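Position 130 of the sequence shown, counted from 1, bears residue number 130 in the UniProt record's numbering, the numbering being contiguous throughout.
Hint data in this document are derived by calculation from the structure and do not stem from the laboratory.
If you're wondering where the values come from, they're calculated on a predicted model, not measured in any experiment.
Think of the CB as a built atom: it goes at the ideal place given N, C-alpha and C, for glycine as much as any other residue.
Check each hint, because a few of them may be wrong.
DEER-style ranges, computed between Cβ atoms [to be verified]:
#  : residue 1 : residue 2 : range
1  : P81       : S41       : 19 to 25 Å
2  : T73       : S6        : 43 to 49 Å
3  : A9        : P81       : 43 to 49 Å
4  : P119      : P53       : 28 to 34 Å
5  : P67       : A158      : 26 to 32 Å
6  : D118      : N90       : 27 to 33 Å
7  : L159      : V19       : 35 to 41 Å
8  : D61       : W153      : 16 to 22 Å
9  : P53       : G77       : 18 to 24 Å
10 : G59       : G139      : 37 to 43 Å
Below are the SDA-like pairs computed for lysine to any residue, each with C-alpha atoms no more than 20 Å apart in a straight line [said to hold, decoys possible]:
#  : residue 1 : residue 2
11 : K112      : L162
12 : K112      : H86
13 : K112      : M55
14 : K112      : L159
15 : K112      : D32
16 : K112      : A158
17 : K112      : A29
18 : K112      : G156
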Amino acid sequence: MTDTISTSATLADLRDRAVITDTLHRYAAGLDLNDADLLASVLTEDAVVDLGPAMRRIGYDFPPLTPRETVVTTLIGAVGPLDTSHSISNVRITIDGDDATVLAYAQAQHFKPGSGSDPAVTRHALMMNRYTATMVRDGEQWRIRHLDIANAWFDGDALMLLGE
Numbered sequence: 001m002t003d004t005i006s007t008s009a010t011l012a013d014l015r016d017r018a019v020i021t022d023t024l025h026r027y028a029a030g031l032d033l034n035d036a037d038l039l040a041s042v043l044t045e046d047a048v049v050d051l052g053p054a055m056r057r058i059g060y061d062f063p064p065l066t067p068r069e070t071v072v073t074t075l076i077g078a079v080g081p082l083d084t085s086h087s088i089s090n091v092r093i094t095i096d097g098d099d100a101t102v103l104a105y106a107q108a109q110h111f112k113p114g115s116g117s118d119p120a121v122t123r124h125a126l127m128m129n130r131y132t133a134t135m136v137r138d139g140e141q142w143r144i145r146h147l148d149i150a151n152a153w154f155d156g157d158a159l160m161l162l163g164e
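My request is simple: use the sequences and hints to build the entire structure.
Rendered as structure tokens:
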């Protein structure tokens with residue numbers, strides 16, 4: 001009986017970790033695909049996304065975004081139209097009941113709309129960011145309640161991120 005309980009708990013933990021990682025991937029895909037519904041699906045209604053630490057590192061002041069509707073409208077409006085590719089890696093997860101703390105790297109490449117596949121285009125913004133997220137269980141899903149984005153390094157033209 002103990003083996004069955006242990007196996008069941010292990011499977012539940014692995015499932016949570018897979019769903020939490022998928023939440024980060026869906027966040028990134030929402031941005032890359034300019035998909036407001038997909039982006040909204042990973043956020044709690046009272047979500048906070050704080051890009052301030054990343055943006056200050058490259059010379060811009062950017063307030064935390066909240067609630068979900070503001071997060072989605074702002075990020076889809078700014079990043080959605082760009083040719084972007086966000087890659088999530090090095091995901092580390094600590095689960096405590098229905099709460100989780102998630103640390104990950106996100107490398108994000110940005111090009112002007114329609115120019116990302118043109119090899120002659122060199123103007124870009126490439127960022128390596130560190131994500132620190134708090135997530136909460138919502139039924140079978142996990143959603144981001146708070147996401148802090150800090151920049152590890154940057155290459156390219158920061159003005160690209162402001163639509164210039």
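- [ ] List, from low to high, the hint numbers that the structure doesn't satisfy.
- [x] Of the numbered hints given earlier, the structure breaks none, since each of them holds.
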